[in-house]
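Visitor: With chain A fixed as given, assemble chain B onto it according to the hints.
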Amino acid sequence: MIYRENGQFKTSYLADQQIFTIAQDKWFVLGLIAFAAIGVPFLADEYLFRAVLIPFLVLALAALGVNLLVGYCGQITLGAGAFMAIGAYAAYNFMVRVDGMPLVLAMLLGGVAAAGFGILFGIPSLRVRGLYLAVATLAAQFLCDWAFLRIGWFTNNSASGSVSVAKLEAFGWVINTPVEKYLFCLIFVVVFALLAKNMTRASIGRQWMAIRDMDVAAEVIGIRPMYAKLSAFAVSSFFIGVAGALWGFVHLGSWEPAAFSVDRSFQLLFMVIIGGMGSIMGSFFGAAFIVILPIFLNQFLPFLGGLVGVTVSTAGISHAEFIIFGSLIIFFLIVEPHGLARLWSIAKQKLRLWPFPH
Amino acid sequence: MKFRSLALAAAIASVGLSSAVFTPAAHAQAAEQYFPILVYRTGAYAANGNPWANGYVDYLKLVNAKGGINGVKVSFEECETGYATDRGVECYERLKGKGATVFQPLSTGITFALTEKAPVDKIPLITAGYGRSESQDGSVFTWNFPLLGTYWVAADVAIQHIGKAYGGVDNLKGKKIALVYHDSPFGKEPIPLLQERAKMHGFDLQLLPVAHPGVEQKATWLQIRRDRPDHVLLWGWGVMNSTSLKEAQATGYPRDKMLGVWWAGAEPDVKDVGAGAKGYSALTLQHGAEPNSKVVKDILAMVHDKGQGTGPKDEVGSVLYMRGLISAMLGVEGVAAAQERYGKGKVMTGEQVRWGLENLNLDQDKLDGMGFAGVMRPVQTSCTDHMGASWVRVHTWDGNKWEFSSDWYQADDKVLRPMVLDAASKYAAEKNIQRRTAEQCAQ
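Note that the protein sequences, when read in sequence, are chains A and B. Per my numbering, the first sequence starts with residue 1, numbered consecutively. Per my numbering, the second sequence starts with residue 1, numbered consecutively.
If you're looking for bench data, these hints aren't it; they were derived computationally from the structure. Glycine residues also receive a C-beta, built at the ideal position from the N, C-alpha and C atoms. Certain hints may be false.
What the hints assert, rightly or not - The calculated lysine-lysine pairs, modelled on BS3-like cross-linking and capped at a C-alpha distance of 30 Å, are:
(1) A:LYS167 with B:LYS98
(2) B:LYS122 with A:LYS167
(3) B:LYS257 with B:LYS199
(4) B:LYS426 with A:LYS167
Stated by the list, open to error - A few chain A residues that don't get close to chain B, going by computed Cβ distances all over 10 Å:
(5) THR11
(6) ALA15
(7) ALA34
(8) ALA36
(9) TYR47
(10) ARG97
(11) ILE151
(12) SER254
(13) TRP255
(14) THR314
(15) ALA315
(16) ILE317
(17) ARG352
Next up, chain A with everything else stripped away, as it sits in the complex:
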């Protein structure tokens, strides 16, 4: 009842081509963005910004990038952490080596550098696919781990191999407080999510999906696999690279290659699988699940223990966190293999009929 499109007529092609053709969807998403931009800064405290919301936004952006490649184009990648690292270190080097480099431009250039490497490591995708491609992209991960640890030039010859950034400033806006950092990330995420959504609706996204569904058939109907696959690698790596720059500059402030280890690559891939492959919304769900749930469990369990009157040891909480987190992953994959995004759309279907299921 709540979610019905009855009476919403599309009288022009323009109306038919909207991102959200149903008014409820449109207002819901617009409301959500408005709430994130205006409401959240008043509601959340510093801890929530710095420990939960900023990492969530940045990793959601990275998951979005991975989703474009894995979910939309069907090319499995295990090199996402490497592309984040390239984005972060490239942006760092642009900032350090070019005088008066604007922050946003450096981050975008970091994304461009990641895109370049994405194309390079996407070349094997023209010959191999599936698990073999995953292994080939894993090479990117190890190469980057090695390069940023060993080649002093990338870290500006920092003795410890750890780099840090000075103060953040964009267009005269000094980004200092957690709220400002959050809003800075939010702007990036909203713009990039809009870009991604539109790309997936446009010809390039359709090419990716055609390749994903059956590459031979796609080739027969005139889609160039090389162009489609490499463009997917480039765009995806660009997104991931920008996310990496945000992760280093805004979230960590000071980082070492371990921040972008192979664990990060797996984490991003899991976000996409759990959130929903081939869904923009799914990237956000997946990021929320992987980033927020462990932190939530870590704080909720002692509280729960307190209710029952027991105090749980630090190690006990940590173990329980892993156990529950792992079981929830299995649970969701069994109940809904298409990810949390699918649950979301099922919920919308149900709302359409509710409260009269027939």
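Guide: Same frame as chain A, now just chain B:
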């Protein structure tokens, strides 16, 4: 709703599971000095993180048992970082809002991340025996306190100790020294100083990184077997140390030519290797295993015998336990020093504790009085020196226990000081920090 009930059931079930490992933990309350504790009791480094955390907590319990810091009771809370930087930052953000006195992350990676945050939040950072070496320069690193020693101190003393066997560091010319290090900021910290020393004395420095967590070292030790360096410096942590010793045993590299940093010189590192590690030496951060010291006896009597102890009783007084204990003591003494100025019996803020740590003066009488006789030497900090002491001894594993095998060393300030000033100035320039002047220091 099926999901919710299932999730709840899972949550309750696993709490039940983990209830097997209960320990009592204190919670923060008003009018108490609040100590947040970043620990790692799980993960690849838990074997070493656990005794450190137990010592830290036990000392705070001892302070409470003795009536608090001039009457102010201590409250504390643990947060598990798993040695991961991002979780460490999350823990920091979570605990800092509760009136945190001082943070001790026990991870060089987390220290680097928190170094950027501490000045903003006005919470001092003690990194006793780790962290950024250049943060000794307190006029730039206002909020960092690498008390008792940095990795540059460790590297400097290591070379002095090796040189002594040849009758002086100048006789090291032409010798080959290999550094087997954990490939992280922790392992890389000593490299600049070792390179400097290599240039001064003409020895050959070979750098052999080992990837986290350090269980795969075959290639490294094959290289050592081939090149046969005269000495191996082991800069490891956690499982990496015992793996190195086993590999040394397997490749036949003499253990008595190996010298570990103070994080590679505790019981968990050698216990599994047992007799195979006999002759292996490691630096100490002043103290070794001190089961006979008065402070340990106090803890046994006032904490463990009352059933309040943290962790196994037989580990009390082990090397890393003592490290945690001394770290906690330094934090507590920082508060006590702050109380001298800002009012005895009051709860101190982070800024006040910072002043206390900068004006810390633990002379031998005071240390002896607290039960640290024979464990520690005096520590005195100042605005320009946030380290306070650079005393190091060497201890050797005799197959069963650690025994001191050298006299006291001190880092050579002629080598160390210019490097610290250089690196700190570079950091200040990068971050646009003005070095504090003498007047600002006096405040």
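Visitor: So, for every hint listed, does it hold in this structure?
Guide: So, going through the hints one by one against the coordinates:
Between LYS167 (chain A) and LYS98 (chain B) the CA atoms are separated by roughly 27 Å; this keeps the pair inside 30 Å, and the hint holds. Our distance criterion of 30 Å between C-alpha atoms is met by LYS122 (chain B) and LYS167 (chain A), whose separation comes to about 17 Å. Between LYS257 (chain B) and LYS199 (chain B) the alpha-carbon distance is near 22 Å, which keeps this suggested pair within the 30 Å criterion. Straight-line distance between C-alpha atoms of LYS426 (chain B) and LYS167 (chain A) comes to about 16 Å, which keeps the hinted pair within the 30 Å bound.
Every Cβ of chain B is farther than 10 Å from the Cβ of THR11 (chain A); the closest lies at roughly 41 Å, confirming the non-interface assignment. In this structure ALA15 (chain A) is separated from chain B by more than 10 Å, as the shortest Cβ-Cβ distance comes to about 37 Å. Every C-beta of chain B lies more than 10 Å from that of ALA34 (chain A), the closest at about 26 Å, which supports listing it as non-interface. Listed as outside the interface, ALA36 (chain A) is consistent with that label: its C-beta sits roughly 20 Å from the nearest C-beta of chain B, beyond the 10 Å cut-off.
Residue placement check: TYR47 (chain A) does not keep its beta carbon more than 10 Å from all beta carbons of chain B (closest about 5 Å). For ARG97 (chain A), the non-interface assignment is confirmed: its Cβ lies about 13 Å from the closest Cβ of chain B, beyond the 10 Å cut-off. The beta carbon of ILE151 (chain A) is kept farther than 10 Å from every beta carbon of chain B, the shortest such distance being approximately 13 Å. The beta carbon of SER254 (chain A) sits about 5 Å from the closest Cβ of chain B, which is not more than 10 Å, so the claim that it is off the interface is violated.
Residue placement check: TRP255 (chain A) does not keep its beta carbon more than 10 Å from all beta carbons of chain B (closest about 7 Å). The non-interface label for THR314 (chain A) is inconsistent with chain B: the shortest C-beta to C-beta separation is roughly 4 Å, within 10 Å. Against chain B, the non-interface label of ALA315 (chain A) is violated: not every CB pair exceeds 10 Å, the least being about 4 Å. Once the 10 Å rule is applied to beta carbons, ILE317 (chain A) is inconsistent with being away from chain B; the minimum gap is 7 Å.
Listed as outside the interface, ARG352 (chain A) is consistent with that label: its C-beta sits roughly 20 Å from the nearest C-beta of chain B, beyond the 10 Å cut-off.
In the structure shown, a violation is registered for the earlier hints numbered 9, 12, 13, 14, 15 and 16, in ascending order.
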